[in-house]
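Protein chains in written order, with our numbering: chain A, 8 to 302; chain B, 8 to 302; chain C, 8 to 302; chain D, 8 to 302.
I should point out that these hints are in silico values taken from the structure, not numbers from a laboratory. Among the clues, some could well be false.
Since the list can't tell identical chains apart, any single copy or any two copies may satisfy a pair.
Okay, derived cross-link-like pairs now, DSBU-like style, lysine-lysine, Cα gap no bigger than 35 Å in a straight line [to be verified]:
1. K283 x K116
2. K200 x K283
3. K153 x K223
4. K29 x K200
5. K116 x K200
6. K116 x K246
7. K116 x K223
8. K233 x K116
9. K153 x K200
10. K116 x K29
Number of protein chains: 4
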Amino acid sequence: MDAGLIGIGQMGSGIAMNLLLKGHRLTIYNRTPERTESFRGLGAQIASSVADACRSGVVLTMLSDDTALESVVYGENGLLASLPSSGLHISLSTISVALSDRLTADHAKAGQQFVAAPVFGRPEAAASGSLLVVAAGPSDAMERAKPLFSAMGPRLAVFGERPSLANVVKLSGNFLLSSVLESLAEAMAFARKQGIDTQALYELLTATLFSAPVYKMYGGLIVTGKYEPAGFATKLGLKDVRLVLQAAEAAAVPMPVASAVHDRLLTAVARGNAEKDWSVLGRIADEAAGLPPIR
Amino acid sequence: MDAGLIGIGQMGSGIAMNLLLKGHRLTIYNRTPERTESFRGLGAQIASSVADACRSGVVLTMLSDDTALESVVYGENGLLASLPSSGLHISLSTISVALSDRLTADHAKAGQQFVAAPVFGRPEAAASGSLLVVAAGPSDAMERAKPLFSAMGPRLAVFGERPSLANVVKLSGNFLLSSVLESLAEAMAFARKQGIDTQALYELLTATLFSAPVYKMYGGLIVTGKYEPAGFATKLGLKDVRLVLQAAEAAAVPMPVASAVHDRLLTAVARGNAEKDWSVLGRIADEAAGLPPIR
Amino acid sequence: MDAGLIGIGQMGSGIAMNLLLKGHRLTIYNRTPERTESFRGLGAQIASSVADACRSGVVLTMLSDDTALESVVYGENGLLASLPSSGLHISLSTISVALSDRLTADHAKAGQQFVAAPVFGRPEAAASGSLLVVAAGPSDAMERAKPLFSAMGPRLAVFGERPSLANVVKLSGNFLLSSVLESLAEAMAFARKQGIDTQALYELLTATLFSAPVYKMYGGLIVTGKYEPAGFATKLGLKDVRLVLQAAEAAAVPMPVASAVHDRLLTAVARGNAEKDWSVLGRIADEAAGLPPIR
Amino acid sequence: MDAGLIGIGQMGSGIAMNLLLKGHRLTIYNRTPERTESFRGLGAQIASSVADACRSGVVLTMLSDDTALESVVYGENGLLASLPSSGLHISLSTISVALSDRLTADHAKAGQQFVAAPVFGRPEAAASGSLLVVAAGPSDAMERAKPLFSAMGPRLAVFGERPSLANVVKLSGNFLLSSVLESLAEAMAFARKQGIDTQALYELLTATLFSAPVYKMYGGLIVTGKYEPAGFATKLGLKDVRLVLQAAEAAAVPMPVASAVHDRLLTAVARGNAEKDWSVLGRIADEAAGLPPIR
């Protein structure tokens, strides 16, 4: 189908590539136009403005945070002003529950449709169409978005009519990921300082009780101390846990483990690890325990 | 082989049954003798004292905590005094690193062997011989223990010559379990208060990123609010996290998530849930968020 | 001197009364006009709009939070648009460091002066001119504000030319207050549950090591369990600690005690205590310990 | 009066000096005898054994921790075996609630009296007789101890007949001290990183809201970064907070701020600051925030 896509970063690139390969006709836009050039060869139209990308009446956004999305949506030539009446905005970004609710209201006022559809998966999964899409929104809007969702990944999880519910689910998942990371970091520092072969411990744990992919991937990074290049940067992890805590405060839900993870991610950033993979929590745990870096 | 087994609680019963079925000749002892009677039919010898259970020169202990193990080992007619020289004590209990080190020293002084071999798995796994055995100790002692270990489970993980290393590994694993529980409890309270269908969230998470058995089992208990009967009692979970924090303090390893989990388990006990399953952390998270009990 | 004052809440009322009694000519404005009526008798001019209150070229604002201040400052007829060039805005509210920085920039762009001057003290101190004023801003603006500051309290603490530094100081102080509250709450629950006469403990502590007013006042409230009427509402305390944590995150300073206090304040709000005095942390500590309410 | 005093460390020396100067006839004992020699000139008898120091029937103990006190009390020639029937043991040490309860029981069995009387104050206060004594025990034993208590300080606070209540009070006070330290450390790191003159902030806070001695002393150390020589070593501070958390767990009282302080003290020890003053928490907060050491 015809659609715009705004935001051609790591994730957006993968999504664009996959959608184009599957025959969708995309008009793509990125604030810094260099990133879009290579997509001409794949058949993409290159939009010169946000408004341009809204023309087909369906537009996906995949931006890094609330601020980036707000700067695209609001303002004179923003998405909100440019999308035709009854147009559809599908927000794929990991954004705050509050912004999602605000977009819901503003699009409704403008006679437009809004669906929140954050995704789980890394850039490779985006490019290969194997993302997990978590979506919420009015059912007619959801129907309209389905051809795009089914191209993006084999599994779609729908959580109701209020778009921000999808953001709540995404934040719940990201919180759980962050808690796995910090827990592994603490467990490994604990074991390492007492003389345990942490590689063997890692293999034991992930072969049995903790056989989920997330333990395997992050446990491996922590045990080997390989925090570069970043699969997911610490500063982004900190942003996600901040969004969790903000939404939790708004809903009055105390989350002490989330607070502890937040403080450790913040320590990581303060000590110069903002751009490293967020599994660098392993190093932060080591430093707090007076251990030297691995290797 | 011939061996004694001291401690016929939930776990000890399962282990006894399994070892007897596999042809080992066990002499079993329990402080309250009623629990041992039913094992006569399976061919067990019933010891009338700790000393009696030590006669074969190899004795397994499976007690609930440090205090229980100490009361069996020390004293005039205790295990230490009764085990013949070059006898072997295999400690299966989840005990402190400090006690494990002390037993290592005391058995060495007495010319005896000591192996720590805590296990992962529930009573059913003990009875069916599918425990995960984590062991550490001198290699000759380990060789001697192997027929018992291979009867107890298909997988043996060995962590070196110092017995307490096995206890460190066990505590690391139990800490990770406890952090999964508390993280799930917080995530579900967070989602539930914002109107998410937590059963759907549970299915989504455990089908993908968090597909490990521990998420499935505990997530299910938390989502349905079924905390009785206890698979593992809150008071025992609190004991385990206390052992983690004690060992972490002795080794100078700060563990903020472990501290947070400890405080929540302690809250659970303080509010009357000591005997409920430790997944009752789900209810504690709900109560802190001002949510009514599930159902 | 001539000045406007916007925000006639509990604190603003006290400040207005005191400034009027000391001969300053105030034009006051409040969103809900009822609160301003009684000040006619004291010689105040009643402004019918924000613009009206800005006419003298010097305007004080005393609002409850960022949102309230933003709604007064921005917009077509807001303070920023209405204040004459080279006019002076003195912000007395406890607001975020981020908003203070934004106001600094926006007033500069408009050719206006901006001083941040948050205050320590309760409504009674405002009315009696005994507030502690913490201020920061360009020195000429500060000079201009001094007659008002010296009327407000005997003590002025100046922290440099960047206005938001005063907000940082205010937030530091409020964090310390909140940590005193939560620490007292934990200490008293700890002592009470073990059978200590907490009134005697309170007297002992505040007579010696902890003789500061803050321990006396809040310790007394916690020991007697008198959380109503609120001197300072829990929801406002939560707001302040949130501002601390936001500024700390922006500056990359992990504050684990602030996080712990935040979680407890949030628990208090979640369990129905938003309007009670924030010393209700005493009850939250009791509830977590399974203790009944005091009395 | 005649009394023994066991433990001539920093605190014990001061107490001995003061009691001797006030005319009490002391027989003093220390494990390493060198420390006692200088007291001959002040009129002390030097005991060559614990038993020797118990002869008068009244003995004070001032040891560093549970282990040290246990090694003096228990065993063949220990205090318990040596003190005559109806003798009185006054324990001045900061020890666990559990040990205090155990001593109560064991002395009762031996027909002896036991009073717990931990003190607040530094070595100088001990030497000048200006300690704050917190005591609990049977009233007749308390009567008997009073001449010693009134020599030790002008103020005696009595908390009932169960000796360990005095230990609970002491631990409550030490927890509050530790929380002041960590809160100040966090507040100063927060302010410092944002460019605040922390000396000015220190003066402001301690002149007004936080005018208690503890803020003045520790705030000064944190602001100047002077952590040596130690007035009170980090490792002792960690021990005290551990005792708090142990007693809190036994009583089922969750204390999240105590947990946070514990983790920071443990970080301090892990990073090589065990012998520095426990106000080194200031440096730990700076390090977590990526700040260089002060000066």
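Here is how each hint holds up against the structure:
1. K283 x K116: neither (41 Å within a copy, 38 Å between copies)
2. K200 x K283: So K200 and K283 pass the 35 Å test inside a copy (23 Å) and across (22 Å) alike.
3. K153 x K223: both (32 Å within a copy, 29 Å between copies)
4. K29 x K200: Neither way: K29 and K200 sit 51 Å apart in one copy and 39 Å across, limit 35 Å.
5. K116 x K200: between (59 Å within a copy, 27 Å between copies)
6. K116 x K246: Classified as both; 29 Å inside a copy, 30 Å across copies.
7. K116 x K223: Close neither inside one copy (46 Å) nor across copies (42 Å); limit 35 Å.
8. K233 x K116: neither (49 Å within a copy, 44 Å between copies)
9. K153 x K200: between (51 Å within a copy, 28 Å between copies)
10. K116 x K29: This pair counts as within: shortest intra-copy Cα distance 34 Å, inter-copy 51 Å.
Violation of the numbered hints given earlier is confined to hints 1, 4, 7 and 8; the remaining hints are satisfied by the structure.
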